[in-house]
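Peer 1: Residue numbers (our numbering), protein chains in the order written: chain U, 11 to 367; chain X, 28 to 419.
For the record, the hints were derived by calculation from the structure and aren't laboratory data.
Just so it is clear, the structure is predicted and the values come from calculations on it, not from any experiment.
Ideal Cβ positions, reconstructed from N, Cα and C, are used throughout, including at glycine.
Treat the hints with caution; some may be incorrect.
Stated by the list, open to error - Rough simulated footprint, nothing fancy, chain U against chain X, three-plus residues with beta-carbon under 8 Å:
1. 165-175
2. 180-192
3. 258-264
Claimed, not checked - The calculated label-pair distances, taken between Cβ atoms and stated as ranges, are:
4. K48(U) / N179(X): 22 to 28 Å
5. L121(U) / E305(X): 44 to 50 Å
6. E330(U) / N161(X): 45 to 51 Å
7. G349(U) / E305(X): 21 to 27 Å
8. L121(U) / D254(X): 43 to 49 Å
9. G349(U) / A219(X): 33 to 39 Å
As the list claims (entries may be wrong) - Some chain X residues close to chain U (C-beta under 8 Å, calculated; not the full set):
10. A269
11. R317
12. P351
13. R398
One-letter residues, chain by chain:
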Amino acid sequence: MTAYRGKYADELIANAAYIATPGKGILAADESTGTIGKRFASINVENVEDNRRALRELLFTTPGALQYLSGVILFEETLYQKTASGKPFVDVMKEGGVLPGIKVDKGTVELAGTNGETTTQGLDGLGARCAKYYEAGARFAKWRAVLKIGPTEPSPLAILENANGLARYAIICQENGLVPIVEPEILVDGSHDIDRCAEVSERVLAACYKALNDHHVLLEGTLLKPNMVTPGSDSKKVANDVIAEYTVRTLQRTVPPAVPGIMFLSGGQSEEEATLNLNAMNKFQGKKPWTLSFSYGRALQQSTLKTWQGKEENVSKAQEVFLGRAKANSEATLGKYQGGAGGSDASESLHVKDYKY
Amino acid sequence: MATSSLVKLNAASSQWIGQHSFSQRSVSSSSPTRRVSFPLVRASYVDELVNTAKTIASPGRGILAIDESNATCGKRLASIGLDNTEVNRQAYRQLLLTTPGLGECISGVIMFEETLYQSTTDGKKFVECLRDENIVPGIKVDKGLSPLPGSNNESWCQGLDGLASRSAEYYKHGARFAKWRTVVSVPCGPSALAVKEAAWGLARYAAVSQENGLVPIVEPEILLDGDHPIERTLEVAQRVWAEVFYYLAENNIVLEGILLKPSMVTPGAEHKEKASPEIIAKHTLQMLKRRVPPAVPGIMFLSGGQSEVEATLNLNAMNQSPNPWHVSFSYARALQNSVLKAWQGRPENIEAAQKSLLVRAKANSLAQLGRYSAQGENEDAKKGMFVKGYTY
């Protein structure tokens, strides 16, 4: 078998292509219960199911926002939740032309014998879970592998192990009708320069595509969710155009054109930074046979959360803020963003050292 | 990865990094215990490698391969009743390389070592003749195939010993790109060992070539021999190219400074059904899209025993819509067959022979642009040139 050709092949290709529609992108709303708790703590909101439901309802029912989204990544709990008036979230999305996605990994654990490097868990019973999620309306999945840059990191072991995990996850998803988003995040933490980030990113992506190919993954039915190529968080900043040039070059060297879309993670960048960088990439003149878009969590929700404060009376205002960021990023995928959406709030860095989801 | 020797993608934007242009930038010293160090020698050739590759991959042009070893050239000469002497080999190559206007459709010529050092009977170096036509001179650097021990009757390609100094010499004599042909056999497996060896050998050769200023053409030929269907060829091709690109990455190859020379994805020569150009194009493009990063500037197909017209039709079918890389030709037999027949070793036929080279070159040039039509091609050009168990 050259690549997956089972019953879901055509659907996977169509869904991946749809998610990669220029002008649209992904809202990553798949924070685990623990992680969303941290967000809520920052705005003094109790971490109970109804509040989690209320936040997601705020986002998904923002008037006019869904047109800028092709997918939303959900945490398992959210896949089965409804609006206050009883409409399932998946139906809200379906009507808005948005594909529901589902986080399927079970977090990271340390690799023995390494300097704090990790592998991602979640392969056991993954097939059955994916089939269940497909039945509930999910059409794509996400699995986050994590690597870090250090004097001797990422080690060949960490690269191999994470690439293999991603490949196994990917083919299992495809067998069960879910488009796998392949996410090998190289953390921005560190004092390395942009060259080092580029070198590591190329090495990691080459290993990922080798593993995906060895595991017969159908590339046309996948999406990539990489980090942008930037200096480390403790290093001197560079201009958006530089990030764009380095990032596109790295992708040109590693990502086969069969992959329809590259949906960047924001990894701690401020809302505005994440949008400006994406915009610069889409303005950059060079070979880009894949869509360059977004799959943002914090970089789409931060200001919205602050505006909401968990209060019913703030919902409308918060939705306006969310709409503004969604529209900004949509424009960025077309290279048409003019800048300035959201004011100074949007420029606040969201980097948290050694961030754990 | 070769990132410290940054490639000028876009002259305007390269002003950005601290106001220094790329070529002035020194290797970064941010991390004292950097795992990978980049040889500064190679850094000095990067711009040239990228430019050379781009020149060869220019629209409407492709490569004329005339790198037959003396023994193989002898076979060609024998087919028209000529002895295999240096004089005859020189005469034949002179005919080809002095064809007026050749540079309109040909961007590069691959030569055998003997030819790189030869001149016309008037004393003009062949390399100079090519330069005058804006054609890049290239050189075959491998030392041929040998049986691969421990494999399933498969081969491996030799030539790494002394490759660096040979490459440097060739560069001095005007060569700017190199070629190394290894083979993979579908009927023999291929075994994992053979695929690994083919890919690794290519990656090592590519690294040495770039180090010495030569753009490496990466050629893992998946032989036409066999009765397998096109799907099997696709499977093997995907496997081979996945391995090749992984090892190119491990060897820190600058992908913007290489060219590929793949075989098209077709059924085996003895398969019961022939595939149309559209089917071949569909499978070949699918393979390329799944395996070739866009940084690679050009893909120059080998003809591998297809007839002249077949090779042109297939190339044309692949260029019916834009591709993220230049998709072109690097043909030997498929460009030379008619020429030999027209020449017959007679001086009075030289002009006619050169004209027929131009006809084939023009046809393939049009195919590169997706504008070729087979109307008016003669019967000879349609004859297949597959030879079972063909050895160069």
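Peer 1: For every hint, state whether the structure bears it out.
Peer 2: Going down the list of hints, with the structure as the test:
Under a criterion of three residues with beta carbons nearer than 8 Å to beta carbons of chain U, the stated coverage of the stretch 165-175 of chain X fails, only 0 such residues being counted. With 0 residues carrying a beta carbon less than 8 Å from a beta carbon of chain U, the stretch 180-192 of chain X misses the three-residue requirement, and the given coverage is violated. Counting residues of the stretch 258-264 of chain X whose beta carbon lies closer than 8 Å to any beta carbon of chain U gives 3, which reaches the threshold of three, so the coverage claim holds. Between K48(U) and N179(X) the Cβ separation comes to about 57 Å, which falls outside the hinted range of 22 to 28 Å.
Our hint of 44 to 50 Å for L121(U) and E305(X) holds, since their Cβ atoms are close to 49 Å apart. Between E330(U) and N161(X) the C-beta distance comes to about 60 Å, which lies outside the given range of 45 to 51 Å. The hinted range of 21 to 27 Å is not satisfied by G349(U) and E305(X), whose Cβ atoms lie roughly 47 Å apart. For the pair L121(U) and D254(X), the supplied restraint of 43 to 49 Å holds, since their beta-carbon distance comes to about 47 Å.
Take G349(U) and A219(X): their Cβ atoms lie about 53 Å apart, and the range 33 to 39 Å is violated. With a cut of 8 Å, the hint placing A269(X) at the interface with chain U holds, because the nearest CB-to-CB distance is about 4 Å. Interface hint status for R317(X): upheld, as the beta-carbon distance to the closest one in chain U is roughly 4 Å, under 8 Å. Hint status for P351(X): holds, given a least beta-carbon distance of 4 Å to chain U, under 8 Å.
Contact between R398(X) and chain U, as hinted, is not supported at the beta carbon level, the nearest pair being about 23 Å apart and thus beyond 8 Å.
In this structure, the hints that do not hold are numbers 1, 2, 4, 6, 7, 9 and 13, in rising order.
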